[in-house]
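Going line by line, the protein sequences match chains A, B and C.
Be aware that the first sequence starts at 16, since it is given in the numbering used here, and climbs by one per residue.
Be aware that the second sequence starts at 23, since it is given in the numbering used here, and climbs by one per residue.
Be aware that the third sequence starts at 9, since it is given in the numbering used here, and climbs by one per residue.
Since the hints were derived computationally from the structure, they do not count as laboratory data.
In this text, a Cβ means the ideal position worked out from N, Cα and C, and glycines have one as well.
Among the hints, erroneous ones may be present.
The calculated lysine-lysine pairs, modelled on BS3-like cross-linking and capped at a C-alpha distance of 25 Å, are [claimed, not checked]:
#: 1; chain 1: A; residue 1: 274; chain 2: A; residue 2: 343
#: 2; chain 1: B; residue 1: 129; chain 2: C; residue 2: 53
#: 3; chain 1: C; residue 1: 26; chain 2: C; residue 2: 53
#: 4; chain 1: C; residue 1: 289; chain 2: B; residue 2: 112
#: 5; chain 1: C; residue 1: 21; chain 2: B; residue 2: 129
#: 6; chain 1: B; residue 1: 129; chain 2: C; residue 2: 26
#: 7; chain 1: A; residue 1: 274; chain 2: B; residue 2: 125
#: 8; chain 1: C; residue 1: 53; chain 2: B; residue 2: 145
#: 9; chain 1: C; residue 1: 39; chain 2: C; residue 2: 195
#: 10; chain 1: C; residue 1: 289; chain 2: B; residue 2: 70
#: 11; chain 1: A; residue 1: 274; chain 2: B; residue 2: 112
#: 12; chain 1: C; residue 1: 289; chain 2: B; residue 2: 125
#: 13; chain 1: B; residue 1: 125; chain 2: C; residue 2: 39
#: 14; chain 1: B; residue 1: 125; chain 2: A; residue 2: 332
#: 15; chain 1: B; residue 1: 112; chain 2: C; residue 2: 39
Sample of chain B residues lacking proximity to chain A, with all beta carbon distances greater than 12 Å (derived) [said to hold, decoys possible]:
#: 16; residue: 106
#: 17; residue: 122
#: 18; residue: 129
#: 19; residue: 160
#: 20; residue: 163
#: 21; residue: 164
#: 22; residue: 185
#: 23; residue: 209
#: 24; residue: 221
Stretch by stretch, here's where chain C covers chain A in the computed footprint (C-beta under 8 Å, at least three residues) [unchecked claim]:
#: 25; region: 111-120
#: 26; region: 166-177
Next come the chains, spelled out residue by residue.
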Amino acid sequence: MSLNKKLVDMDYLLNEAPREKHFITGAQAMSEAVKRASVDMAIAYPITPQSEVMHLVGDIYAQGHIKEYYRAEEELGTMSAIAGAARGGVRLFTATSGPGLLRGLEAIVSWPGHRVPCVLGVLTRVINAPLSIQPDNIEMAYLMHSGMVMLHAENQQDTFDFTLAAFAITEKVDVYIPVSVSTEGFFVTHAKGYVEMMSEELAFTEPDPYHAPVPAMDNEVPPARIQRDAPVQKSNFMSYLIHSVWQQEIWDSNRRAMKYVYQYIDGPLEVQNPGSDVMIVASGCAAAQAREAHRYAQEEGISVGFVKVKCIRPWPKDEIREALATAKTVIVPEHNIIGWLCKEVKAAIPNSGIVVEGPRVYGGMTLPVELIMTEIYDALGMDSLVLQA
Amino acid sequence: MSKKITVGPVGYMPQSAPSMGVELSPEGQALLYGNVVSEDEAMRDAAKAMLTMQNPTIFPGPQVLWDWRDDVADKSAAILDLASEIPNCKIIPMPDYRPKYPKIDVKAEINPNHPNLTILDNKIKACIFIGVHCHYANLSLRMIRAGTDCYTIAMCAMMGHEEAMASIRDVHADDIRRFKDVLVEVRNELGIEHTPTMPPENPSLPEEDWGSLTPADYGEYRSLIMSRKGEHVADVE
Amino acid sequence: MSLKYMIPASKFKRYLPKDYVELVDYGPFGKDYADVGVKNMGTFKELVEEHPMCSGCWMAYYIKIIFAALPNPENTVTIGTAGCGRLAISQAAVPFIYGNYGDQNAMASGLTRAFRLRFPDIQKDVITIAGDGGMMDIGFSMTMHAWFRREKFTTIMLDNEVYGNTGGQESGMSIEGAVLKMSPKGKNFGKMPAMQLAITAGCVYVVKMSPTNINKSAKAIRRAIFAARNLGPTFIHVYTSCNIEYSIPTPDVFRDAKEMEKGRFAFEEFMTPEAKELFAKVESKKKREVS
Chain A
16 MSLNKKLVDM
26 DYLLNEAPRE
36 KHFITGAQAM
46 SEAVKRASVD
56 MAIAYPITPQ
66 SEVMHLVGDI
76 YAQGHIKEYY
86 RAEEELGTMS
96 AIAGAARGGV
106 RLFTATSGPG
116 LLRGLEAIVS
126 WPGHRVPCVL
136 GVLTRVINAP
146 LSIQPDNIEM
156 AYLMHSGMVM
166 LHAENQQDTF
176 DFTLAAFAIT
186 EKVDVYIPVS
196 VSTEGFFVTH
206 AKGYVEMMSE
216 ELAFTEPDPY
226 HAPVPAMDNE
236 VPPARIQRDA
246 PVQKSNFMSY
256 LIHSVWQQEI
266 WDSNRRAMKY
276 VYQYIDGPLE
286 VQNPGSDVMI
296 VASGCAAAQA
306 REAHRYAQEE
316 GISVGFVKVK
326 CIRPWPKDEI
336 REALATAKTV
346 IVPEHNIIGW
356 LCKEVKAAIP
366 NSGIVVEGPR
376 VYGGMTLPVE
386 LIMTEIYDAL
396 GMDSLVLQA
Chain B
23 MSKKITVGPV
33 GYMPQSAPSM
43 GVELSPEGQA
53 LLYGNVVSED
63 EAMRDAAKAM
73 LTMQNPTIFP
83 GPQVLWDWRD
93 DVADKSAAIL
103 DLASEIPNCK
113 IIPMPDYRPK
123 YPKIDVKAEI
133 NPNHPNLTIL
143 DNKIKACIFI
153 GVHCHYANLS
163 LRMIRAGTDC
173 YTIAMCAMMG
183 HEEAMASIRD
193 VHADDIRRFK
203 DVLVEVRNEL
213 GIEHTPTMPP
223 ENPSLPEEDW
233 GSLTPADYGE
243 YRSLIMSRKG
253 EHVADVE
Chain C
9 MSLKYMIPAS
19 KFKRYLPKDY
29 VELVDYGPFG
39 KDYADVGVKN
49 MGTFKELVEE
59 HPMCSGCWMA
69 YYIKIIFAAL
79 PNPENTVTIG
89 TAGCGRLAIS
99 QAAVPFIYGN
109 YGDQNAMASG
119 LTRAFRLRFP
129 DIQKDVITIA
139 GDGGMMDIGF
149 SMTMHAWFRR
159 EKFTTIMLDN
169 EVYGNTGGQE
179 SGMSIEGAVL
189 KMSPKGKNFG
199 KMPAMQLAIT
209 AGCVYVVKMS
219 PTNINKSAKA
229 IRRAIFAARN
239 LGPTFIHVYT
249 SCNIEYSIPT
259 PDVFRDAKEM
269 EKGRFAFEEF
279 MTPEAKELFA
289 KVESKKKREV
299 S
């Protein structure tokens, strides 16, 4: 069924189209973005807390905003079917959470190498064991070495904007690798926030499978003798160099995505109060809490800087280094036990000793602003009276 | 201006051009040795390479080899016109991207899984990639830069290639003709005399004469031959 | 018309390797099956020629039949997985997708649906070709669910009753008692009932056979493809011995296949009434055209 949408480019859609304010959940925000992205096919498989997203995407399929939708057998089947459909040249969306992401990981980590453009929603969740359905973003650590582009949304508005941007970035001819949009399960997916959205009469222009760095496997584009992707090993006078340069090409593609991060989501970082002695660096939900800590500090007359990292891959190393150039203490609050963001920040700056390892919460724990404040007081040599009172 | 990307061989494990800070040129501009320059500047340097280096070769890829789009006829004609203006120019196609069994004929084709073989065997010191899908062009260009001393030129219909010594983007038939004009101009400046000549056709191996084969030619494998010369097996039962 | 994507640009024809030009001039693309089908193998440029399979490989022989039997090679995409088969399939002049382990039927589900969206008026055949391990062990769930979902594509299982490519390990399709790697004391359960599983899961056309007869093999392949276009999933379970792992002397490979035909690979064909009706229509139409 055709809904007679007006097709527009992503610059107009994201940056110019008039918007109206809505009060919706993060899951709704993600599906509202999918609704405006001219998605051809979405493939669903349930897992809490992601399911809500693909339920809503199912609804918009039933309404005619998406052409094809089905529930697959499990995540490996889902992610493999995405890879198959991508070879056919259609625009794709799916979403998963924690253990589901890991079940689909074999297929997911092969998407970049197979040059599969698609958007993957990651609605974060604890990884077993023991089982829990609560938010914890440790699964993102597993994606960080896959080659895919990774955006991390702080709230419902980011979830909407980043998801739309992801559809544009993934199909750029010099990128053409998958883009994941992560946000915290429940904290964002099931909580409402204000989201400014453009009219649903507008939609992103349709994909051109021939404007691509690899041939679509659709019997319409040469060469006819093509294998995607051939095992590059053994005989045929091949050197292992082919695999090396192929890997380089994926990470180069990842690197090339940075200019589109600037174009569509205003760069990989948001920096408040730059040049402060104490800087808080955070992504996703932790950035929301860090933003609060920044506000508390301002109210108390303490000068604290805030850096929100919107883009985990490509990793904005230069930008981070610049933002933290004069910092004396860097606090990295996170929703996971290993501190993947903290490790990245430490590796990006020459004086990693200034980075405080935390505060971290995990297993579904919330991240009270007071935990971050305590670190700020410690860094400034103040008594943390707030928590003791 | 310092050259970020130079003619190889850069060695065993090449660093990719993007990881060395090379970025694709904006629309209307080109890349020369990894630096953003005007199209004219890149074309002149590329033309000089094709005119002065040994065994200049054009590698047309699937997007211009097959008649899949309306613009292919015009584009392929323009490529051949260009080739005719380059003294001693050869055309060696990259007809597909799969690893081919048992091996490619290095005189007849180039393959992205081991492009160095064709370059080295034919002693090609300057080449143009055109009509090759970007992913495979990037792999090839990097492997060529790693292991050969060939000057690479990318004439890309899309965004260009960081790995090439000279990269022209958004190339259509008119741009190929413009490059040809630049090349003729440079050729005249260099005082090279040349009458347009079409490149030699594909030197595919001469057809084997199956008629003269005898089972004895198969040696120890002769037991594998199911049918005798001239015999036609329609049904195994 | 998608035949264009394999016709050389006229200017470039003389610069292409002979191999590619001959594929268009003497290959089966866009031609009548009566002239370039299995009956005429050896008289036209086939889609698979050189391949790296072992000497005497029955699988390589069957793969050649698959490609010669295709009703519409210019609009066909094959999908496979790890295993010997892909070494030959990948040399065919038909696009081949090689994904991850055992994912072929999930990939085909996505691809078939994508084709139906993008080309509602063009029939594009999707065929998955994988071994017993890829289809019934590691890919089992994806194989079965594609059938349950009634995905319209053809599944061909090249059953050599062993993991050949990885060095001769027991598979779910090995017979009980077979002493193989990873079953050093002999396999302690029998062959999985692939054909019954396919019928139960909703395949509209299922064949089990040992391909000793080229025409009979081709007929089954073509029926499977025709039925998949219109009716639902189809499945061919075919015996393609591994003469290396089962130590079958090359001259005895055919004899072995004949023996299997009398044994556990005796020809069995299942079709739904709708499939039967379809075949009657398609096959009588062909006869009329020929006469």
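(message) Verify this for me: three or more residues of the region 111-120 of chain A with a beta carbon less than 8 Å from a beta carbon of chain C.
(response) n = 0 at 8 Å, threshold three: violated.
(message) Does residue 163 of chain B clear chain A by more than 12 Å, comparing its Cβ with all Cβ atoms of that chain?
(response) violated (9 Å)
(message) Cut-off 8 Å, C-beta pairs, minimum 3 residues; does the coverage of the region 166-177 of chain A by chain C stand?
(response) violated (count 0)
(request) Would you check the hint for residue 274 of chain A and residue 343 of chain A, treating anything up to 25 Å between C-alpha atoms as holding? (result) With Cα atoms ~30 Å apart, residue 274 of chain A and residue 343 of chain A exceed 25 Å; violated.
(request) Compute the least Cβ-Cβ separation between residue 209 of chain B and chain A, then decide whether it is above 12 Å. (result) holds (32 Å)
(message) Tell me if the straight-line CA distance from residue 129 of chain B to residue 26 of chain C falls inside 25 Å.
(response) Status holds; Cα separation ~12 Å.
(request) Compare the distance between the alpha carbons of residue 274 of chain A and residue 125 of chain B with 25 Å, and conclude whether the hinted pair is satisfied. (result) Not satisfied, since the Cα-Cα distance of roughly 40 Å exceeds 25 Å.
(message) For a C-alpha distance cap of 25 Å, please report whether residue 289 of chain C and residue 112 of chain B respect it.
(response) Given pair residue 289 of chain C, residue 112 of chain B is violated - Cα atoms ~54 Å apart, limit 25 Å.
(message) Hinted pair, alpha-carbon criterion (25 Å max): residue 289 of chain C, residue 70 of chain B. Please report holds or violated.
(response) violated (65 Å)
(request) Would you assess whether residue 122 of chain B, listed as outside the interface, keeps its beta-carbon beyond 12 Å of every beta-carbon in chain A? (result) Residue 122 of chain B not clear of chain A: closest Cβ-Cβ about 7 Å, inside 12 Å.
(message) For a C-alpha distance cap of 25 Å, please report whether residue 39 of chain C and residue 195 of chain C respect it.
(response) violated (47 Å)
(message) Does residue 106 of chain B clear chain A by more than 12 Å, comparing its Cβ with all Cβ atoms of that chain?
(response) holds (24 Å)
Of the numbered hints listed earlier, those contradicted by the structure are 1, 4, 7, 8, 9, 10, 11, 12, 13, 14, 15, 17, 19, 20, 21, 22, 25 and 26.
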